[in-house]
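Please model the complete structure; the sequences and the hints are all you need to start from.
So the sequence lines, in the order shown, correspond to chains A and B. The first sequence begins at 4 in my numbering and counts up one residue at a time. The second sequence begins at 208 in my numbering and counts up one residue at a time.
In case anyone wonders, no lab produced these hints; they're calculated from the structure. In this text, a Cβ means the ideal position worked out from N, Cα and C, and glycines have one as well.
So, partial list: chain A residues that the calculated Cβ filter (under 8 Å) puts toward chain B:
#1 N187
#2 S322
#3 K337
#4 F341
#5 P367
#6 G371
#7 N407
Distance condition first, Cα-Cα at most 25 Å in a straight line; then the derived DSS-like pairs of lysine-lysine:
#8 A:K116 / B:K278
#9 A:K189 / B:K270
#10 A:K108 / A:K191
#11 B:K278 / A:K109
#12 A:K337 / B:K270
#13 A:K98 / A:K112
#14 A:K351 / B:K212
#15 A:K351 / B:K278
#16 A:K360 / B:K212
#17 A:K108 / B:K278
#18 A:K112 / B:K278
#19 A:K508 / A:K426
#20 A:K307 / A:K198
#21 B:K212 / A:K359
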Amino acid sequence: MILSSSSTTKGLFDVLTGGEPLSYFNRIYLFLFLPLVVLIYNLTPKRFRPVILIIASFICFFMMSNKLIVFLILSILSIYLSGRLMNKVDDKTEKALKKCKKTEKKVVKEKYKKKKKIILVLTILINVAFLFYFKYLNFFAGNANIILKWLNIKYSFQILHHLAPIGISFYTLEALSYIIDVYNSKIKAETNLLKVTLFLSFFPQIMEGPIARYSDTAESLYSGIKVTYKSFCFGYQRILYGLFKKLVIANRLNILVKIIFNEYMNYSGLSVALGVIGYTIMLYMEFSGTMDIVLGSGEMFGVKIPENFRQPFFSKNISEFWTRWHISLGLWFKDYIFYPVSLSKPMKNLTVKARKKLGNHFGPLISGTVALFTVWFLNGLWHGAGWTYLFFGMYHFFMILMGNIFEPLIIKICQKLHIDRKKKFYRVFQSVKMTILVFIGELFFRAPTMKNAFEMLSRIFTKISFKTVKNGELLSLGLDIHDYIVLILAIIFIFVIGLLKEKGKNIREDISNKDIFTRWILYYALIVIIIVFGAYGIGYEPVEPIYADF
Amino acid sequence: MDRLKEILEELQPEVDYETCENLVDGRYLDSLTILSLISEIEDEFDVEIPTVEIIPANFNSVKNIWTLIEKMRED
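See the structure below:
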C-alpha cells in the first residue's frame, strides 16, 4: 500500500528567494509582495478590494504550495456549501415548527437537528481526512509496520515522501470552527462565497495562524478599508518589532541550539541546559515575532487579527501559560474539545456520581481529566506526527492535572505557613517554577527522538560542571562574547517591554502620541539596531519557521 | 444570587465576588473550576447550560452568571 509523508511544500517562492526559508521574514514578502499588495489594494475601488486580497492570498498560497492549492479550495467549498445547507435546514425547521402542534415541537426540532448533525459530521470528516492524509498517515503507517514486523506478518505499508499544503493544520481548524459555530447557531452561515474564501485564505494568516474565528475577522477583512498613512506606519512598526525578535535573537540562538541538540554528548550539563533554555527563547521569539508580522500586515488593511501571545512567561502555572502562548490554539481546543467532551451527557452523569462520592473539588475533576487528556493528546498530535510531540502533549496534561489535584493542599500549606499567595515574591516563585517546567516540555518538543530527550535531561542533572563557565566551553557553541552580550541586552529589552505591557502600559499608543521627530528617531534606531545587530548573512543560518511545518 | 455566591466561594475562595468583573479574563476561574461551577449550577438551579454558552462574557461576574442562569430557566 502506498502512503504519503508530511512536510510542507516549497514552490515558486523557493525559486524566487534562492532557497531562503519560506516565511514572513523573507525579503520578497516584506519589501516586495506586501507593499505591492497594499499599493494595488489602495488603487482599487473599495468594493473590489476584498477581491484583491483574495487574489493576493491565492498567489501567495500558490507560490508556496503550487497545485496543492486545490485542497485549500476544497476546504473552502466544503464549509461554504455545508453552511448553506445548514441554513436551508434551519429555514425548513422554522416552517415545520410553525405548522406543527406545540406538543410536537421537540420531536420536530430533534428531527432537523439530526439532519444538521449529519452535514456537520460529513464536513468535519472531509476536512480531517485531508489533514490526516497529509500529516498523520505516515506516522500511523510507520508504527503499524513496526507492529506487523513484531507479529511476523510479512506485509508493510509503503511510505512515500509527499508534501503537504502550507498551513493545513491552521486553516483546517479555522474551517472546523466556522462550521461548528454555524451548527451551534453561534453564527449565521455566510451566503457570500468570497467572504468565506477570504476568511480562510487571508495571506498573512495562512502559514502560521492565528486560528481566528469567523466572527473575529471576516467582516473587517471584507470591508475594503483603505490603507492609510497611519495604518501603514502602525503595521510596519509592529513588523519591525517582529524582525527584531527574529533577526537579533532567534537567528543568533539558532547556532547554539543546533550545536547542542545535535552534539549534546560532547557538552556539559550546563551547556545542555543553556541549549534547552536557548531553544525555548528562540521558539518564543520566532513564533511571536512571526505573529507581530502577521498582525502588523493585518493592521495595514484595517483587520484586527486576534493576539496569539500575552507575555506567557509571566504566568503562574502551566495551565495559565497555555492561555498566554499560542492563545488561538488553546481557545480552539477549549471551545471545541474540552467543554464538549467534559459536558457531554456521559461525562455529566459521571460528574454527578463522582461529586457525591469525592466532593466538589475532585468530583468534576474526573470528567475534566478525561477532557484534558483528549485535549493534550490532540494538541501533541496537532504539533506533529511523532512520539516526542505526543509526549510533549502528555507531559502538559500531567503537569496541569497535578496542579489541579494539589491546588487545595498548596492553599492549605500556604495558609499554615502564613504565605500570602498574592505577594510579589510568591508570584515570582510561581513564574520561575512554571518556566522551568516549560523548558523541560520544550526539550521533548525539539529533541529528535525520545531517547535523545531523556539523555539530554539526564545530562543536565548528572554532568553539571561550573567549570564550563571558566574553560571556554560556552564560547565553543558558535557564539562569541559579543553575541552573548547582544543576546542578553536584546532579551532584557523584550522582557522590559513585556513587563510594561503586563502592567497595562500601551507602549505603541505612547509612541504614537510622541512628536513626529521623537517617533521617527525611535523607528530609525530600531531599524539601525536590526541592521547592525541582526544575525543574518555569512556565518548565520536563519531559523526555519517552526510552526509553519505543523 | 446569594446561593450562587456561596457556590463560588466554596470553589474559589480567594476572590472578592462583590466587585470582581473579570473572573474568567483575570484567570480567577480556570476551565476546571468552570466545569465544577456548571455542575453545581445545574444541580442547584435545575437548568442545563449548553457548551455554546460557555464564553468568558457569561462567567466574568456573579451578575453575568446569574443572568445566564435566568436565561436558561426561561428556555
